[in-house]
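Chemist: Protein chains in written order, with numbering that gives the first Met the number 0: chain D, 0 to 131; chain L, 0 to 131; chain B, 0 to 131; chain S, 0 to 131; chain E, 0 to 131; chain H, 0 to 131; chain P, 0 to 131; chain W, 0 to 131.
Please note: incorrect hints may appear among the correct ones.
Unchecked claim - Here are a few chain S residues that face chain L, going by a calculated C-beta distance under 10 Å:
| no. | residue |
| --- | --- |
| 1 | 14 |
| 2 | 16 |
| 3 | 18 |
| 4 | 29 |
| 5 | 82 |
| 6 | 97 |
To be verified - Listing some non-contacts, in silico: residues in chain D with all C-beta distances to chain B over 10 Å:
| no. | residue |
| --- | --- |
| 7 | 0 |
| 8 | 3 |
| 9 | 97 |
| 10 | 98 |
| 11 | 102 |
The hints are simulated quantities; they were obtained by calculation from the structure and are not laboratory data.
Here a beta-carbon is modelled for each residue, glycine too, at the ideal position from N, C-alpha and C.
Protein chains: 8
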Amino acid sequence: MRDMHDACHIAIPARDLDEAVAFYAGGLGVKLARRYPDRVTFDFFGDQLVCHLSEDVPARPVPYPRHFGVSFARGEDYDRLLRLVELRKLPRLGRPSVRFEGTAEEHRQIFLIDPSGNVLEFKCYDDPRLMY
Amino acid sequence: MRDMHDACHIAIPARDLDEAVAFYAGGLGVKLARRYPDRVTFDFFGDQLVCHLSEDVPARPVPYPRHFGVSFARGEDYDRLLRLVELRKLPRLGRPSVRFEGTAEEHRQIFLIDPSGNVLEFKCYDDPRLMY
Amino acid sequence: MRDMHDACHIAIPARDLDEAVAFYAGGLGVKLARRYPDRVTFDFFGDQLVCHLSEDVPARPVPYPRHFGVSFARGEDYDRLLRLVELRKLPRLGRPSVRFEGTAEEHRQIFLIDPSGNVLEFKCYDDPRLMY
Amino acid sequence: MRDMHDACHIAIPARDLDEAVAFYAGGLGVKLARRYPDRVTFDFFGDQLVCHLSEDVPARPVPYPRHFGVSFARGEDYDRLLRLVELRKLPRLGRPSVRFEGTAEEHRQIFLIDPSGNVLEFKCYDDPRLMY
Amino acid sequence: MRDMHDACHIAIPARDLDEAVAFYAGGLGVKLARRYPDRVTFDFFGDQLVCHLSEDVPARPVPYPRHFGVSFARGEDYDRLLRLVELRKLPRLGRPSVRFEGTAEEHRQIFLIDPSGNVLEFKCYDDPRLMY
Amino acid sequence: MRDMHDACHIAIPARDLDEAVAFYAGGLGVKLARRYPDRVTFDFFGDQLVCHLSEDVPARPVPYPRHFGVSFARGEDYDRLLRLVELRKLPRLGRPSVRFEGTAEEHRQIFLIDPSGNVLEFKCYDDPRLMY
Amino acid sequence: MRDMHDACHIAIPARDLDEAVAFYAGGLGVKLARRYPDRVTFDFFGDQLVCHLSEDVPARPVPYPRHFGVSFARGEDYDRLLRLVELRKLPRLGRPSVRFEGTAEEHRQIFLIDPSGNVLEFKCYDDPRLMY
Amino acid sequence: MRDMHDACHIAIPARDLDEAVAFYAGGLGVKLARRYPDRVTFDFFGDQLVCHLSEDVPARPVPYPRHFGVSFARGEDYDRLLRLVELRKLPRLGRPSVRFEGTAEEHRQIFLIDPSGNVLEFKCYDDPRLMY
Chain D
0 MRDMHDACHI
10 AIPARDLDEA
20 VAFYAGGLGV
30 KLARRYPDRV
40 TFDFFGDQLV
50 CHLSEDVPAR
60 PVPYPRHFGV
70 SFARGEDYDR
80 LLRLVELRKL
90 PRLGRPSVRF
100 EGTAEEHRQI
110 FLIDPSGNVL
120 EFKCYDDPRL
130 MY
Chain L
0 MRDMHDACHI
10 AIPARDLDEA
20 VAFYAGGLGV
30 KLARRYPDRV
40 TFDFFGDQLV
50 CHLSEDVPAR
60 PVPYPRHFGV
70 SFARGEDYDR
80 LLRLVELRKL
90 PRLGRPSVRF
100 EGTAEEHRQI
110 FLIDPSGNVL
120 EFKCYDDPRL
130 MY
Chain B
0 MRDMHDACHI
10 AIPARDLDEA
20 VAFYAGGLGV
30 KLARRYPDRV
40 TFDFFGDQLV
50 CHLSEDVPAR
60 PVPYPRHFGV
70 SFARGEDYDR
80 LLRLVELRKL
90 PRLGRPSVRF
100 EGTAEEHRQI
110 FLIDPSGNVL
120 EFKCYDDPRL
130 MY
Chain S
0 MRDMHDACHI
10 AIPARDLDEA
20 VAFYAGGLGV
30 KLARRYPDRV
40 TFDFFGDQLV
50 CHLSEDVPAR
60 PVPYPRHFGV
70 SFARGEDYDR
80 LLRLVELRKL
90 PRLGRPSVRF
100 EGTAEEHRQI
110 FLIDPSGNVL
120 EFKCYDDPRL
130 MY
Chain E
0 MRDMHDACHI
10 AIPARDLDEA
20 VAFYAGGLGV
30 KLARRYPDRV
40 TFDFFGDQLV
50 CHLSEDVPAR
60 PVPYPRHFGV
70 SFARGEDYDR
80 LLRLVELRKL
90 PRLGRPSVRF
100 EGTAEEHRQI
110 FLIDPSGNVL
120 EFKCYDDPRL
130 MY
Chain H
0 MRDMHDACHI
10 AIPARDLDEA
20 VAFYAGGLGV
30 KLARRYPDRV
40 TFDFFGDQLV
50 CHLSEDVPAR
60 PVPYPRHFGV
70 SFARGEDYDR
80 LLRLVELRKL
90 PRLGRPSVRF
100 EGTAEEHRQI
110 FLIDPSGNVL
120 EFKCYDDPRL
130 MY
Chain P
0 MRDMHDACHI
10 AIPARDLDEA
20 VAFYAGGLGV
30 KLARRYPDRV
40 TFDFFGDQLV
50 CHLSEDVPAR
60 PVPYPRHFGV
70 SFARGEDYDR
80 LLRLVELRKL
90 PRLGRPSVRF
100 EGTAEEHRQI
110 FLIDPSGNVL
120 EFKCYDDPRL
130 MY
Chain W
0 MRDMHDACHI
10 AIPARDLDEA
20 VAFYAGGLGV
30 KLARRYPDRV
40 TFDFFGDQLV
50 CHLSEDVPAR
60 PVPYPRHFGV
70 SFARGEDYDR
80 LLRLVELRKL
90 PRLGRPSVRF
100 EGTAEEHRQI
110 FLIDPSGNVL
120 EFKCYDDPRL
130 MY
């Protein structure tokens, strides 16, 4: 378990801040914390995501090795994320799938793509003890 | 505040997994969760960090736009991180500094570099309500 | 999530304090904290509600733009509120309804009216992450 | 104490939504959750504040009987709010003061005014058990 | 909700400390904290119960006005208590019953009797918000 | 530690309910939950206290064997209780004292008397682990 | 309940540290915290397990009197442990069983054996209040 | 951090159960949960300790490789344990000391001996993040 008062901090490039706000706040439903000319910060599922205005964005979205997201401890939270993705037609990279099926590490996962080509992963392990 | 049962998930490249284990577990003091031939996973301050074996590592460490780390809610936790960095002589990018001094967003920060050139940031806001 | 030790503070007008106590404590089941000649304070679902004796009460109850209440994270808590409203025949403004049906913001809601014409809203989002 | 997963819900009028965003997000440092043509929603210190576009705003800001805000359990959180008000020169209604001095109900308080004339109160009781 | 670090403190008479230990620890399954010649202390469902050796015990067990016990927030905890009472054949005062049926205050309850004639009540409200 | 969602339940006699409300709510600052012709219920420091209208009240207040109250885990909470007792001149049974001084069980304590002669004890152990 | 910030500390012998890591981290899925030439430390279900390199290991695994493990409060966590044992074919001492069936102390249990012959017990009581 | 509802489980030999109760409950101040002819169970700092009547006790107390105890997250809890050891003159194995001084793993520690020769360790790390 993690400390509820600290925040994980993730900084990524965004080619356009309005796009980033539209995707993260309007799409994913995360909260916009602060906006500056060169970056925008979000309360991303309780952690801090910062989108820095930058031209150094991925040429095309590839899931490995760089991505970020949330590993949900409860299946219903993962289900709600899936439902949000469908309702708001958020851009996915592939389809929701099950990884390491039949092993202790089995988990459901989905990859999304933000407007700058950054890849997000949301997942949920059958056994939350193995989420690390 | 964030849910203590979920975990933020961050995946980054590592050119060598032994190096990654030496830096993250032996240096930063995070816990090694699982090791596979192509990746190693850590309980990174309560969140999940995955180092994927990859040649796609940064040519040289640059702090923006990509980095990740922890925003501590309590100053003593930031102080302990600084002390660990000194005791174990972890490689820094620049010196610990204060950002946005004299404003509501004022915070202390330090950048570290992992063996693959990934940049980490640890920080602590004067007013934890503004950590997002 | 919110800090469990702080309290949101809401102050509203009441044309008669006995009426206010009868509705809020005897009806809604909130706890009476302190009573003074010119106001009464309540532990309103964990937050602080203060009814100030005042003639500046609404001419008639209108739901927008001013109202206050609780957004429940769990459906069973909303169900219990509905049941209380029925059992104690608390005065409603319209019927319980579903708002933004079929969207990510979908939530159930009910409006109540206090004796001074103040409007209360209780609601519950399908996806608690979108309750803000 | 209150449930950390529920949210108190407060709806108020705003004559202009951009003004509201500038004051609440840019000034008070609360998080912008969702924006629609007729309203904007905030994560206001962990509770939900909704500003509805409306011409029914106060003629002039008066502290009683209607206001809302936060009652902090810890003095340092109140101090931080005061410091934010100074640093960002947020519009106050009067000066910070002490109410009911020398009694069990003693508390520090400050009133702010939002751009539409709504009044906010932030306070901190010497004895947090009496904050209701 | 209550503070999890504090303890409610209840002191009652016991005509015999061995009897008290047999009933409270051996029967009800509460933990024995400390024993002195004139009293024994228990961790009674997280609160502190002290049995003082005394001849001032009830002439016969009567449920009102004096009794003490636990109001469970979750039905399954009340069910487990009932099951324990059956399995260990703890002495009851009457049968488990439902009080205020069909009202918002409806709750299940059972009265037990300790060896000195003190009466205990365990109960569970349909709506935990009304447990006070 | 105890479950924060359950409540300890204490029922005592009161010769007059108005007196009880004046002492418990107006004096001790506990919250009035529900009032009926024959009893009144309080949120007593997070637990449930019920005062039953009864003539079976103590002939005179004696501290042993029957009393009830709170064992505070933090010294500052005990200090605040002492200050409340002074500010509101609540009736005490003796003076605040230290019990078992110089032993591991050392604790500060104060006895109060309610209008019906019931005795309350508030205390605070040097080592909270020994509060049971 | 226990304090979530403290850790129980258990130190046991291991005849070979690689074997210990393979069993505890690779098998049981606990996290490797620190490794030294003469010992390895684990985050064992939130507590600290230390395996000291030693020849003083059990001649053969016997369940009594020495063993250690986890008593799960929730049945689904016990079920997940059983599933892990099956999926990863961890060495058991006997079969999963039910102890004290039909009594208040009824619980499910399973014994495992680590590579050095230390015995682990995982269990789950029907009534978590009796887990001590 | 660990789950507050689960319990670590430690079973050790005791040559005499009365001795064990005297040391653990009367000395260390842990709570006696259940006593049977062949064993006694304790709520040991929130975890479960079981002393099994057995002749297989240590020939003489040696600190390594087998011991158990608590790693406190807060220095004041360790200090209180030290004070208890002094006040009640509990048998120690050596003096309180500091281990790994000047390194990130620095911690204070004390070893105690129970009547059967089992060794207990209580400790406190400067940096609680390294307590595993």
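Chemist: All hints, please: hold or fail.
Modeler: Quick rundown of the hints versus the structure:
no.: 1; hint: 14; verdict: violated (26 Å)
no.: 2; hint: 16; verdict: violated (21 Å)
no.: 3; hint: 18; verdict: violated (19 Å)
no.: 4; hint: 29; verdict: holds (9 Å)
no.: 5; hint: 82; verdict: holds (7 Å)
no.: 6; hint: 97; verdict: violated (23 Å)
no.: 7; hint: 0; verdict: holds (14 Å)
no.: 8; hint: 3; verdict: violated (7 Å)
no.: 9; hint: 97; verdict: holds (23 Å)
no.: 10; hint: 98; verdict: holds (24 Å)
no.: 11; hint: 102; verdict: holds (29 Å)
Going through the hint list in order, the structure does not satisfy hints 1, 2, 3, 6, 8.
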